[in-house]
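2 protein chains.
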Amino acid sequence: MTELRVIPVRGLPEIREGDDVAELIASAAVLDDGDVVVVAHKAVSKAEGRVVRLAEIDASDLAARIAAGDGRDPRQIETVLRESARIVRMRPPLVIAETRHGFVCASAGVDASNAPEAGSLVLLPLDPDASAERLRAGLRERTGREIGVIVSDSFGRAWRQGTTDVAIGAAGVRVLLDLDGRRDPVGYELHATTIAVADEIAGAAELVMGKLEGVPAAIVRGLEVAGTGAARDLVMPAERDLFR
Amino acid sequence: MTELRVIPVRGLPEIREGDDVAELIASAAVLDDGDVVVVAHKAVSKAEGRVVRLAEIDASDLAARIAAGDGRDPRQIETVLRESARIVRMRPPLVIAETRHGFVCASAGVDASNAPEAGSLVLLPLDPDASAERLRAGLRERTGREIGVIVSDSFGRAWRQGTTDVAIGAAGVRVLLDLDGRRDPVGYELHATTIAVADEIAGAAELVMGKLEGVPAAIVRGLEVAGTGAARDLVMPAERDLFR
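In order, the protein sequences belong to chains A and B.
Under numbering that gives the first Met the number 0, the first sequence has 184 at position 185, and the numbering climbs by one with no breaks.
Under numbering that gives the first Met the number 0, the second sequence has 114 at position 115, and the numbering climbs by one with no breaks.
Bound-form chain A, shown alone (with noise of 0.2 Å):
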């Protein structure tokens, strides 16, 4: 490899539910074989619809104690109740949910910024993996290039301040680099060492999408990291999890 490069697509209109986001991409970009695309989670949401009005929600009394004494809208945590399958830790209002995906992250993924109109509420996509592949059929069907997705999402980490862009969904990239067995120059040898590559590739195109310039899509280009991967490849198995 010479190098790597992150170029944002500019030029993509806000997303709406119904969009073809992969021949919105194709209009936008040039994209060549290896390129892996970075779609930011909301796009992809919004897409497929997975958007719901405050409006429309009544909270339980759980949602509203939750809420309470921080003025936060009940509706807003009650929302995140309904995409938990479980919940790992709670400060009121803070809600660390694990999804039925098996991410653990906060709010359960749910997320009222970015969202298409004030009052409403962004969700993970039912199958960001699904969701994934048929970003890459659509791209290259339409390019005729061969491409690998990552649907991205920032996640909050243990431990550490601030968030990163994490893989959520992933098609056509092999999205954990597995070293075990190889061995490095002075011959020892290498165990348990796997590289999460496609989350560092997601937060290495968060670096020029950000949050506010309107830039939902990257192309990470210089990478061979073209395979067969899904993102639920990254959750943590339950039997192996120290800390789940």
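Source of the hints: derived by calculation from the structure; they are not laboratory data.
Check the hints yourself; a few may be wrong.
[To be verified] Which residues of chain A face chain B? A few of them, derived with a C-beta cut under 7 Å, are:
(1) E2
(2) L3
(3) R88
(4) A157
(5) T163
(6) I194
(7) A195
(8) G202
(9) A203
This one's a predicted model, so the numbers in the text were calculated from it and none came from an experiment.
Think of the CB as a built atom: it goes at the ideal place given N, C-alpha and C, for glycine as much as any other residue.
Given the coordinates of chain A, assemble chain B onto it according to the supplied hints.
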């Protein structure tokens, strides 16, 4: 920003104790103002002599018990315990520890891969932010350029498979980008949205550095992240940490 480039620094020799890493990088790469140079901590640790030889270690009984059954060298576990300020989780022989710096990571950052010789272990730098600052000063002196420096390591994460590289030392880089109070395009105030850009930069660099290629440094070009900041700011304060 037009695009981000991540450029591996090739041609560096195997780093040895006493080496001037800034001099080696300045000789191997052409740097620009605003570049962020990411250096794998192992190169820094080796140059600083943060290496121990197993032959010099006497393993405690505790270390022997933790190592038992896995064929792990008790002296390696002993070194992990000595580098730990606190054990966070233990599933022998796996030890997740908090280091004196406050980092929570496997084996307290002690690593046997890429050590200078078989039978030796590489430790984390004593003060990685100070290491980064020295590298920054050295690079400025030799190149006349204003450069940011990140010292990186590969950390596992709770709940997710695989490691991503993160910043354990930083100088001349805004490590956290705080969007608190800024507004997204539809006017929703972003609450507590802080992006750990230094970790995303470290991860992007890992994508070109790899583990096996003998490339311990990379240049990240095209960001506007110059500023003051230290990797210690990335450690979640204990009173806010739900997972400590």
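Original post:
Does the nearest C-beta of chain B fall within a distance shorter than 7 Å of the C-beta of I194 (chain A)?
Top reply: Result: holds, 6 Å to nearest chain B Cβ.
Subject >> A157 (chain A) as chain B interface residue, shortest Cβ-Cβ below 7 Å >> reply: Since the shortest Cβ distance to chain B is 4 Å, the answer is holds.
Subject >> Hint check, A195 (chain A) versus chain B [nearest Cβ-Cβ separation less than 7 Å] >> reply: holds (3 Å)
Original post:
Holds or violated: is the Cβ of T163 (chain A) closer than 7 Å to a Cβ in chain B?
Top reply: holds (5 Å)
Subject >> Cut-off 7 Å, beta-carbon criterion: hint that E2 (chain A) touches chain B >> reply: This interface hint holds because 4 Å falls under the 7 Å limit.
Original post:
When the nearest CB of chain B is found for R88 (chain A), is that gap smaller than 7 Å?
Top reply: holds (4 Å)
**OP:** Could you check if A203 (chain A) really has its C-beta closer than 7 Å to a C-beta on chain B?
**Re:** Hint holds; A203 (chain A) Cβ to chain B Cβ min 4 Å, cut 7 Å.
Original post:
Does L3 (chain A) pass the interface check with chain B, least Cβ-Cβ distance below 7 Å?
Top reply: At 4 Å from the nearest chain B Cβ, L3 (chain A) passes the 7 Å test, so the hint holds.
Original post:
At a threshold of 7 Å, is the proposed contact between G202 (chain A) and chain B supported by beta-carbon distances?
Top reply: holds (4 Å)
Violated hints: none; the structure is consistent with every hint.
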